[in-house]
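Just so you know, the protein sequences line up as chains C and B, in that order. Numbered according to my numbering, the first sequence spans residues 1 to 306. Numbered according to my numbering, the second sequence spans residues 1 to 306.
Where hints are given, some of them may not hold.
[Unchecked claim] For lysine-lysine, the following DSS-like pairs were computed, each having C-alpha atoms within a straight-line distance of at most 27 Å:
#1 B/196 to C/239
#2 C/176 to B/277
#3 B/139 to B/176
#4 C/55 to C/129
#5 C/188 to B/235
#6 B/188 to C/239
#7 B/285 to C/239
#8 C/239 to B/145
#9 C/277 to B/239
#10 C/221 to B/277
#11 C/188 to B/239
#12 C/145 to C/57
#13 B/145 to B/277
#14 B/277 to C/213
#15 B/106 to B/196
#16 C/61 to C/106
#17 C/277 to B/285
#18 B/188 to B/123
#19 C/239 to B/239
#20 B/208 to C/277
#21 C/208 to B/277
#22 B/285 to B/129
#23 B/235 to C/196
#24 C/277 to B/235
#25 B/208 to B/8
#26 C/120 to C/7
#27 B/213 to B/277
#28 B/8 to C/285
#29 B/235 to C/221
#30 C/196 to B/239
#31 B/277 to C/235
#32 B/8 to B/47
#33 C/235 to B/221
#34 B/239 to C/235
#35 C/208 to B/221
#36 C/277 to B/213
#37 C/221 to B/208
#38 B/8 to B/57
#39 B/196 to C/235
It is worth saying that the hints were derived from the structure and are not from the lab. Note that this is a predicted model, so its numbers are computed, not measured.
Protein chains: 2
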Amino acid sequence: MLNALDKKLLSTVADLHDVPQGAYSIRKDGESLLINSIENIVISPKKDRPGIDIKVKPGTKNQAVHIPVIISMSGIKEVVYNTIEIGEDADILLVAGCGIHNPGSKESRHDGVHEIIIGKNAKLRYVEKHYGEGTGEGKRVLNPKTVIEVHENGTGEFEMVQIEGVDDTHRITEAKLHERARLIMTEKLMTHQDQKARSDVVVELLGKGSSVKVVSRSVAKGSSLQVFQPRVVAKAEGKGHVECDSIIMDSGKIRSVPEIWAEHPLAELTHEAAIGKIAGEQIIKLMSLGLTEEEAVRAVIEGFLR
Amino acid sequence: MLNALDKKLLSTVADLHDVPQGAYSIRKDGESLLINSIENIVISPKKDRPGIDIKVKPGTKNQAVHIPVIISMSGIKEVVYNTIEIGEDADILLVAGCGIHNPGSKESRHDGVHEIIIGKNAKLRYVEKHYGEGTGEGKRVLNPKTVIEVHENGTGEFEMVQIEGVDDTHRITEAKLHERARLIMTEKLMTHQDQKARSDVVVELLGKGSSVKVVSRSVAKGSSLQVFQPRVVAKAEGKGHVECDSIIMDSGKIRSVPEIWAEHPLAELTHEAAIGKIAGEQIIKLMSLGLTEEEAVRAVIEGFLR
């Protein structure tokens, strides 16, 4: 059911070498390919539109859910809606991700809309990798929209990575944090050639004691362009920190526009950002250890995005 | 010619106790009151619209130019255009500033548009203080627009302070920096009650080796609102740093949206910002030395804005 190309894409975006254990949903070329539920984690197709509902029962622990999407054809365009509910006190790893192999001349595009609700005292670790490849001229486009709500004392840890090969992306992430809710969001982006990436993040601190840390790391190579606009709005006594670090190479361009907005007098908000070229000393040091310049640059970039 | 109120306003906004030495222009209640040129610094009224031209001859050193504006009536509204040219190799202090005493119920407003050209190897230190007072209901409004161009190896040091009593301000500052030009811009703002302040800054690094540092410090008391949008755009191999620190008290609100935009691969841009309440430890320490809480808060705020 999974051919060699499918397996390669699944391995790249979800670290899977075959159909996984536990609960999963694998989507291929615009259709649901495989769905598997387990006792505590029920995955069911949406009735009114493409996508799935995932319900994790309260108290479920030490389970991983895989929901990768792969596209292996040219000209596929889909909008998929997934709703993920993590019950109270649960503690779950969710592995999403999308890989596009576009062999032809038409654009292939996946727009994934994720609505994620993390219950009281629950914890979700979310990993999402995006990747594109293909010998044709057809563009690989990924526009993820992620809407997160973290309830009282819940925790969300989001790691979102665009590995390479995505020609165009507009990433939208929105989060609302209630009392003592925590969110750590790390976004890592690499662009090449004339690729474009835009990421808009809005986090609202709505409950007392809520906190968020947004970390963005990016590398723009070729003549690619990246625009970041992470915003943290504190409407309650909460803490927020935004940090953006970017490396530009070749003639890449990066705009970074973080915003902190304190609407509550006891809010504490900070941000920092830096855009610069790759550190020359590191390259020289690695070259003195025997690496070629190209190998040294690759090692530094990999370390930066790790 | 200067009454007691005039002298009080001049002292507050320009540290002057009477008509100054050297070149000056004093504007009062919508009209030019006094103008004085010296050999190397010629001040002349504009012919086509309100305002003055200031020409500082090349090589002029160790001179101060005072150009304060005072308004002592209710209902004065003026837009004033000043053009300031600093000749090559000159080194000058320019003291601007505007004080409004509004005794009545009508709005009094001064919109000052400053065009400032700093010549090759020249240096300008620019100090501008804004202040409002008055027993009436009439608003005190100040909208300064400052357009700066710094030529090769020139230096601009700008200190812009809104002391207090300004009900509404929209500050616009634009700067273009050529080869090896330097700009240090410090903005300090205090707002009370339901006052509003907005500051937009755009600095373009156009020449190789140009550099800018933008520092913003602000305190929002009462239910006042402040919005900051400092931007640095690097179109050449230059360095830029933006830092914004804000204290909120009572139910003040602050939005900080700095932007760094690298259009050149060798640009180095950084920013950092923090919004928070006044540091509790400092208050406690000062109170343990015998200050009342009110005195301690005042001392910390004054230190922060110094």
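Comparing the hints with the structure gives:
1. B/196 to C/239: Holds, at roughly 24 Å.
2. C/176 to B/277: Roughly 23 Å between the alpha carbons, so the hint for residue 176 of chain C and residue 277 of chain B holds.
3. B/139 to B/176: Distance of about 33 Å is beyond 27 Å: violated.
4. C/55 to C/129: Given pair residue 55 of chain C, residue 129 of chain C holds - Cα atoms ~22 Å apart, limit 27 Å.
5. C/188 to B/235: This hinted pair holds, its Cα atoms lying about 25 Å apart.
6. B/188 to C/239: Holds, at about 24 Å.
7. B/285 to C/239: 24 Å, holds
8. C/239 to B/145: Roughly 34 Å separates the two Cα atoms, so the pair is violated.
9. C/277 to B/239: Roughly 12 Å separates the two Cα atoms, so the pair holds.
10. C/221 to B/277: 40 Å, violated
11. C/188 to B/239: 24 Å, holds
12. C/145 to C/57: Answer holds: residue 145 of chain C to residue 57 of chain C is near 24 Å, not above 27 Å.
13. B/145 to B/277: 30 Å, violated
14. B/277 to C/213: Answer holds: residue 277 of chain B to residue 213 of chain C is near 19 Å, not above 27 Å.
15. B/106 to B/196: 18 Å, holds
16. C/61 to C/106: 43 Å, violated
17. C/277 to B/285: The given pair, whose Cα atoms are some 44 Å apart, is violated under the 27 Å limit.
18. B/188 to B/123: The given pair, whose Cα atoms are some 22 Å apart, holds under the 27 Å limit.
19. C/239 to B/239: 30 Å, violated
20. B/208 to C/277: 15 Å, holds
21. C/208 to B/277: At roughly 15 Å apart (the allowed maximum being 27 Å), residue 277 of chain B and residue 208 of chain C satisfy the hint.
22. B/285 to B/129: With a Cα-Cα distance of about 31 Å, the restraint between residue 285 of chain B and residue 129 of chain B is violated, given a limit of 27 Å.
23. B/235 to C/196: 19 Å, holds
24. C/277 to B/235: 14 Å, holds
25. B/208 to B/8: 45 Å, violated
26. C/120 to C/7: 36 Å, violated
27. B/213 to B/277: 25 Å, holds
28. B/8 to C/285: Given pair residue 8 of chain B, residue 285 of chain C is violated - Cα atoms ~62 Å apart, limit 27 Å.
29. B/235 to C/221: 17 Å, holds
30. C/196 to B/239: 24 Å, holds
31. B/277 to C/235: 14 Å, holds
32. B/8 to B/47: 30 Å, violated
33. C/235 to B/221: 17 Å, holds
34. B/239 to C/235: 35 Å, violated
35. C/208 to B/221: Within the cut-off at roughly 21 Å; holds.
36. C/277 to B/213: 19 Å, holds
37. C/221 to B/208: 21 Å, holds
38. B/8 to B/57: Between residue 8 of chain B and residue 57 of chain B the Cα gap is close to 32 Å, so the pair fails against 27 Å, i.e. violated.
39. B/196 to C/235: Status holds; Cα separation ~19 Å.
In this structure, the hints that do not hold are numbers 3, 8, 10, 13, 16, 17, 19, 22, 25, 26, 28, 32, 34 and 38, in rising order.
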